[in-house]
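**Student:** Residue strings, one per chain:
There are 2 protein chains.
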Amino acid sequence: MSFADRIRHCNNFDPARAIPLWAGEHRVGWLRRDNAALLSRHDTVFRVCDDQARLLPEGDAEFVSGAVDEVVETLVAEQRVPKWRNETFDVAPRWGEEPLFRVDRGAVPFFGVRAYGIHVNGFRRDSNGYSLWIGRRASNKQVAPGKLDNLVAGGIGNGHGAYGTLVKEAEEEAAIGPELVARAGAAGALTYRMETKTGIRDDVMFVYDLEVPPDFEPRNEDGEIAGFGLMPLDEILERIRTTVDFKFNVNLVILDFAVRHGVLRPDDPDYLDVANGLHRPLD
Amino acid sequence: MSFADRIRHCNNFDPARAIPLWAGEHRVGWLRRDNAALLSRHDTVFRVCDDQARLLPEGDAEFVSGAVDEVVETLVAEQRVPKWRNETFDVAPRWGEEPLFRVDRGAVPFFGVRAYGIHVNGFRRDSNGYSLWIGRRASNKQVAPGKLDNLVAGGIGNGHGAYGTLVKEAEEEAAIGPELVARAGAAGALTYRMETKTGIRDDVMFVYDLEVPPDFEPRNEDGEIAGFGLMPLDEILERIRTTVDFKFNVNLVILDFAVRHGVLRPDDPDYLDVANGLHRPLD
Numbered sequence: 004m005s006f007a008d009r010i011r012h013c014n015n016f017d018p019a020r021a022i023p024l025w026a027g028e029h030r031v032g033w034l035r036r037d038n039a040a041l042l043s044r045h046d047t048v049f050r051v052c053d054d055q056a057r058l059l060p061e062g063d064a065e066f067v068s069g070a071v072d073e074v075v076e077t078l079v080a081e082q083r084v085p086k087w088r089n090e091t092f093d094v095a096p097r098w099g100e101e102p103l104f105r106v107d108r109g110a111v112p113f114f115g116v117r118a119y120g121i122h123v124n125g126f127r128r129d130s131n132g133y134s135l136w137i138g139r140r141a142s143n144k145q146v147a148p149g150k151l152d153n154l155v156a157g158g159i160g161n162g163h164g165a166y167g168t169l170v171k172e173a174e175e176e177a178a179i180g181p182e183l184v185a186r187a188g189a190a191g192a193l194t195y196r197m198e199t200k201t202g203i204r205d206d207v208m209f210v211y212d213l214e215v216p217p218d219f220e221p222r223n224e225d226g227e228i229a230g231f232g233l234m235p236l237d238e239i240l241e242r243i244r245t246t247v248d249f250k251f252n253v254n255l256v257i258l259d260f261a262v263r264h265g266v267l268r269p270d271d272p273d274y275l276d277v278a279n280g281l282h283r284p285l286d
Numbered sequence: 004m005s006f007a008d009r010i011r012h013c014n015n016f017d018p019a020r021a022i023p024l025w026a027g028e029h030r031v032g033w034l035r036r037d038n039a040a041l042l043s044r045h046d047t048v049f050r051v052c053d054d055q056a057r058l059l060p061e062g063d064a065e066f067v068s069g070a071v072d073e074v075v076e077t078l079v080a081e082q083r084v085p086k087w088r089n090e091t092f093d094v095a096p097r098w099g100e101e102p103l104f105r106v107d108r109g110a111v112p113f114f115g116v117r118a119y120g121i122h123v124n125g126f127r128r129d130s131n132g133y134s135l136w137i138g139r140r141a142s143n144k145q146v147a148p149g150k151l152d153n154l155v156a157g158g159i160g161n162g163h164g165a166y167g168t169l170v171k172e173a174e175e176e177a178a179i180g181p182e183l184v185a186r187a188g189a190a191g192a193l194t195y196r197m198e199t200k201t202g203i204r205d206d207v208m209f210v211y212d213l214e215v216p217p218d219f220e221p222r223n224e225d226g227e228i229a230g231f232g233l234m235p236l237d238e239i240l241e242r243i244r245t246t247v248d249f250k251f252n253v254n255l256v257i258l259d260f261a262v263r264h265g266v267l268r269p270d271d272p273d274y275l276d277v278a279n280g281l282h283r284p285l286d
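So the sequences go chain by chain: R and X.
Its first residue numbered 4, the first sequence is counted upward by one per residue in our numbering.
Its first residue numbered 4, the second sequence is counted upward by one per residue in our numbering.
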């Protein structure tokens with residue numbers, strides 16, 4: 004096993020198994036063919052052909068979202084979509100643009116629409132190198148229960164923006180108040196496209212670094228994290244390389260941290276597979 | 004003009020204007036069609052078809068390099084390749100693998116083989132933010148004469164490796180000795196593919212950050228840099244956005260610095276075009 008395996012796992016999307024979903028002139032999602040077949044029954048909302056599908060309702064975001072929600076209701080009833088998360092994600096032609104519609108978070112991979120999240124590397128640095136605060140996800144989490152996670156991470160729900168989500172999740176997930184969170188610095192964006200049980204994850208992760216003081220200890224407030232521990236980065240990297248203990252996409256966030264902080268270095272023959280592999284083109 | 008324009012300029016490669024160059028089972032270069040036509044006259048060394056070209060000699064790197072050199076000699080005489088640089092670059096199937104052959108640096112874009120270089124952001128940080136040491140390239144440089152450049156940058160010639168090139172170029176270009184250069188930290192890899200006058204640049208830039216002390220002043224030793232100046236990052240970014248004063252690929256290195264250090268931030272609607280655009284897949 005290797006670092007590159009972790010990256011490949013998050014990029015197992017196979018275009019032959021999916022068709023693009025269009026809304027007007029914008030490609031807004033990727034439908035796995037079995038999911039597309041399910042949508043073809045809802046022919047007032049989706050027109051499904053062999054090589055593409057189209058969202059038919061036209062109008063403001065509220066109107067289109069309502070039409071999509073009716074379909075999602077059926078999909079939830081049929082257990083094709085895990086369950087309502089009661090948190091909606093914006094679907095826009097491009098990051099920062101007005102949404103064309105919104106969709107319940109649980110249905111995001113079914114439609115393969117692009118989702119955005121934030122991840123925070125909470126770290127300490129001393130003469131022995133870097134250590135990161137690592138959380139263990141609660142065993143009742145829908146995605147990746149019990150897996151190891153970043154200090155703070157969360158999807159960007161509609162209207163929150165990246166920084167707003169960072170502030171909100173830092174408070175809820177780790178009891179990080181405004182003063183400490185203000186020290187977090189944006190450090191880049193990672194991208195991957197992955198087939199999951201539900202469909203396709205087409206994800207963008209905005210990465211932040213937060214150097215925390217020695218007396219800082221995170222405390223989970225929302226029950227989503229079972230506990231936190233401080234781990235030396237070298238140990239984390241070895242565990243990433245040889246196990247699947249970390250949540251699939253958290254492997255990528257920590258590898259990027261190691262690349263940006265010079266812990267992984269160019270003269271390693273596998274360096275480029277990692278440094279370049281963390282960034283998939285946004286087509 | 005925008006940051007994204009600078010990135011697009013470095014990624015103007017159009018696959019319709021080029022054919023792949025193969026050596027055995029490895030795609031080792033991209034030949035612009037006019038360059039491919041020139042190679043077709045050397046049919047003991049290259050077999051050129053409509054949709055691909057193939058390097059024919061088989062054997063150790065020295066033997067293959069000799070055959071390629073004979074072709075390069077003609078190309079130089081015909082002024083299709085600028086001139087001999089008397090510095091060779093390795094051509095390997097993949098970073099870190101044994102080279103299949105070597106080629107004179109001046110001919111690298113003609114064959115569109117992948118080239119690797121190092122770039123160093125030499126920076127200072129105080130309460131006003133970041134400043135970078137910027138060099139102005141000598142007016143007799145073959146590539147981008149007179150343009151603004153990083154504190155240190157250089158191509159990785161055969162056998163030097165990334166770190167070895169960093170140490171060598173830091174000394175030659177900016178009189179940075181072993182003690183200071185040891186503080187430079189690897190920070191990632193940027194990639195682009197660009198059509199130039201000579202052919203195709205398929206480039207990987209290994210990026211290093213070097214925080215320099217306030218009393219540091221660079222001094223060029225090899226005549227390749229006309230002078231250095233310390234510039235506030237905000238001013239540099241505005242100049243990158245609105246001018247072409249910086250060497251084409253140096254724009255990318257500094258944008259990456261701004262992304263990694265949180266000077267550009269996710270809530271900017273153009274953020275992803277920059278943060279993601281700096282990384283082109285290594286196909």
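Hints may contain errors.
[Claimed, not checked] From the structure, some residues in chain R lie toward chain X, with a derived Cβ separation under 10 Å:
1. Thr194
2. Gly232
3. Pro284
[Said to hold, decoys possible] Listed next, the stretches of chain R that the computed footprint assigns to chain X, with coverage defined by at least 3 CB atoms under 8 Å from CB atoms of chain X:
4. 23-33
5. 45-51
Worth flagging that the hints you see were computed from the coordinates, not collected in a lab.
Heads up, the beta-carbon is just placed ideally off N, CA and C, and yes, glycines get one too.
**Student:** Hint by hint, note whether the structure agrees.
**Tutor:** Here is how each hint holds up against the structure:
no., hint, verdict
1, Thr194, "holds, 6 Å"
2, Gly232, "violated, 26 Å"
3, Pro284, "holds, 6 Å"
4, 23-33, "violated (count 0)"
5, 45-51, "violated (count 0)"
Hint check: violations occur at hints 2, 4 and 5; the rest are consistent with the structure.
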